[in-house]
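> Once you know that position 71 of the first sequence is 71 in this note's numbering, the rest is easy, because the numbers rise by one and skip nothing.
It should be emphasised that the hints constitute simulated quantities derived from the structure, not laboratory data.
Below, computed lysine-lysine pairings styled on DSBU-like, alpha-carbon distance capped at 30 Å: (1) K81 - K14; (2) K122 - K14; (3) K136 - K122; (4) K32 - K110; (5) K136 - K126.
Keep in mind it's a predicted model, so treat the numbers as computed, not measured.
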Amino acid sequence: MFFYTRYPSSNMLKIFFSDVKFNRCITSQLIKWFSNFREFYYIQMEKFARQAINDGVTGADELTVSRDCELYRALNMHYNKANDFEVPERFLEVAQITLREFFNAIVAGKDVDPSWKKAIYKVICKLDSEVPEIFKSPNCLQELLHE
DNA sequence: TAAACTCCTG
DNA sequence: CAGGAGTTTA
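Using the sequences and the hints given, assemble the complete structure.
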């Protein structure tokens with residue numbers, strides 16, 4: 001689900017985890033999950049952006065996120081270990097945008113500001129797309145595997 | 001104020 | 001991932 005939405009609202013979570021009986025605790029736990037997901041995501045982005053800079057990349061347009069790049073492998077390993085899901089194309093685009101966003105910010109020296117990442121987060125949170133209906137089913141994993 | 005976030009740690 | 005502290009936001 002993270003491949004589609006990085007910032008799901010609590011209402012959205014309730015819809016997509018229809019088999020779960022929500023209470024304060026469960027809700028905050030799921031919210032926490034996505035927070036952790038984002039953390040890993042952004043950390044990877046920053047890491048690869050800095051790596052690109054060290055490797056002598058000069059322009060953000062030289063940075064690209066494809067299905068065979070190292071960054072993609074790291075993300076897929078983390079969110080899609082068993083390769084059960086087909087990662088949507090849109091996710092690659094968002095990842096690339098994020099990577100370039102970090103790249104530009106670092107090159108511009110904005111990382112001296114303690115809260116320099118907030119500007120990037122603000123951009124990325126606008127890039128959530130709709131999650132396919134299948135994910136609403138409690139058995140979505142099985143159903144997806146049968147396709 | 002309470003929910004939701006980030007940041008740091010285990 | 002989970003917990004906790006501290007901040008932001010509605």
